[in-house]
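Read off the chains here:
2 protein chains.
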Amino acid sequence: MPIPTIQWEKNLVKIIDQTELPIKKTFIKVTTASEMWNAIKQLKIRGAPAIGIAAAFGIYLGVRKFQSKDKKKFLGKLDDVCSYIGSSRPTAVNLFWAIDRIKRRVHVNSEASVHELKELVLREACLMIDEDNQVCRAIGEHGLKLIRDGHSLLTHCNAGGLATAMHGTALSPMFRAKELGYKIHVWVDETRPLLQGSRITAWELGEAEIPATIITDNMAATVMSQKKVDLVIVGADRIAANGDTANKIGTLGVAVLAREFGIPFYIAAPVSTIDREIKNGDEIPIEERDPREVTHGFGRQTAPDGIGVYNPAFDMTPAKYIKGIITEKGILNPPYKKSIGKIFNTS
Amino acid sequence: MPIPTIQWEKNLVKIIDQTELPIKKTFIKVTTASEMWNAIKQLKIRGAPAIGIAAAFGIYLGVRKFQSKDKKKFLGKLDDVCSYIGSSRPTAVNLFWAIDRIKRRVHVNSEASVHELKELVLREACLMIDEDNQVCRAIGEHGLKLIRDGHSLLTHCNAGGLATAMHGTALSPMFRAKELGYKIHVWVDETRPLLQGSRITAWELGEAEIPATIITDNMAATVMSQKKVDLVIVGADRIAANGDTANKIGTLGVAVLAREFGIPFYIAAPVSTIDREIKNGDEIPIEERDPREVTHGFGRQTAPDGIGVYNPAFDMTPAKYIKGIITEKGILNPPYKKSIGKIFNTS
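Heads up: the sequence lines are chains A and B, in that order.
The first sequence runs contiguously to residue 605 in our numbering.
The second sequence runs contiguously to residue 605 in our numbering.
Simulated from the structure, these hints should not be mistaken for lab results.
A portion of the hints provided could be inaccurate.
Copies of the same chain are indistinguishable here, so a pair counts whether it falls within one copy or spans any two.
[To be verified] Here are the computed lysine-lysine pairs in the PhoX-like style, where the Cα-Cα straight-line distance is at most 25 Å:
hint : residue 1 : residue 2
1    : Lys330    : Lys361
2    : Lys587    : Lys287
3    : Lys537    : Lys485
4    : Lys299    : Lys596
5    : Lys537    : Lys486
6    : Lys283    : Lys595
7    : Lys485    : Lys578
8    : Lys486    : Lys578
9    : Lys600    : Lys581
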């Protein structure tokens, strides 16, 4: 079973400290908003859905000791705490999604007492864990249909439990297969520059006792050409209305290679990852990150001074390489414009 | 102009210390066989052709102070020195190729005096530099025909000057283009696990003032898909009679991606790299290396304890992905069985 990333335990939040992985499994207890701010800031908790949930709990921790029964003052305090939590990782979209959701929850219950409102915030945060677990489990059930006993899968980066509350997206079908006793094996791309594959995905699979083998990203072609990969499942950062998908840098290469070697390539992501405002991948902006992640990524300099570096955080995989998109509402098949449209029109 | 990897200067060997790259450009003076043994052992000099040349000079340094005129004793000493040099990197094929060549040179001149034989050894070592320079320059001239002013090229690993005496194989056409004033740019795959691309190739291009940009291996698909690559040239470790090519791990992926995105993919290698005894790539054994190169590659552990690791040093690129093989005798075109056969039959 995967490890819960974040849990509410009586009167504190328990999170696994991802900065200690993969060397040590350390849980930390978070009891104040400023501890949560630090945990988010220092990447002790990371991954879009997990950050959102952490923010919601951080808001609760920031208001729970509010003493007065004056609701106006309480709402002022809530705003302050929300701004504070929002400053921990100002580029994380899910942080603001969670803040907005908590604020909305409070504002539509304006008749409630301060005490009740505090409870509402806590319940909303807990609900976000439950919802995330449901969505990820459903992705696992749908993805499971693609996996056969004995399969060897390949994944890139970390779309595992630690990016969500517990079950992950791309890894969820693998955890489910393991639960059912399937013997599977997973090739884990190390995923330069930040090595989320070898640091996090490999660790998660190890904890779940799923046999896994780390490869450097440039070895994927070899294991595919040797017919050692039956199925590829990766996550997504953003999916356009036509199915074009932005995900961690390197995903496009994996997709092209999979097609060349006749291996089905799937995206696993919640429906919330689909942005219908974006017609196709060309409209997805690609963030470039600090060149030092490439040249000084492991605590020492591995490239000459002054050299040019290109360090895009994501790449865009055209829909034509994607065999299907595994969501909590089922597996979407091409043409995606139609299958995506259908999901939204019936929901 | 590229930097000479190894030079004979009056009475000593001058080599660039590659273990200090890319941070410092340090030349070391080698005056004894044991200093050369250490330089080879510690990878201060590396790359198949360069190791061969270093070994030849190491043998000379080991016998040059031999005092007696007794030829039998000299030949005994020569054997001892050759065994000693051969123990520096016992898996390097070129080391033994060089040792055999020196021994042969001595034995076919059995009428010469000890003094003359010592001079012969030195001349043979110097000749190996000259030959390597000629071969690499010829590869540069032939490869130049593929490069246009303004081109952006991509290369993988290091098939540059520092693997040879000076000019390199894959980089030789780029150095030549630069000499002629072409404005070119090179994308450099960092080349995990050992980062020969970012550590060595990027440094060489910088020294030659050729604009270069490092990318992690998994970014090659992105720059290719963005139409930012006009031509790919990489080296080769071994080429089969049908053109299948073993080269640094990751080459196969680059080749597949290049074809997908319509970019010509070339191998650059001396004819001596072609092994006609090997019918096709399936017969080329692929060396697996220490898993710690992947999990502890930069001085700290980046993967969980006990995880599986696959670390092949090379991969095999089927001939169908290779647009041409740039050799010192011209560019070989498919079908390679025919073009390779022709080269050997006319030589």
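Which of the numbered hints are not met once you compare them with the structure shown? 2, 4 and 6
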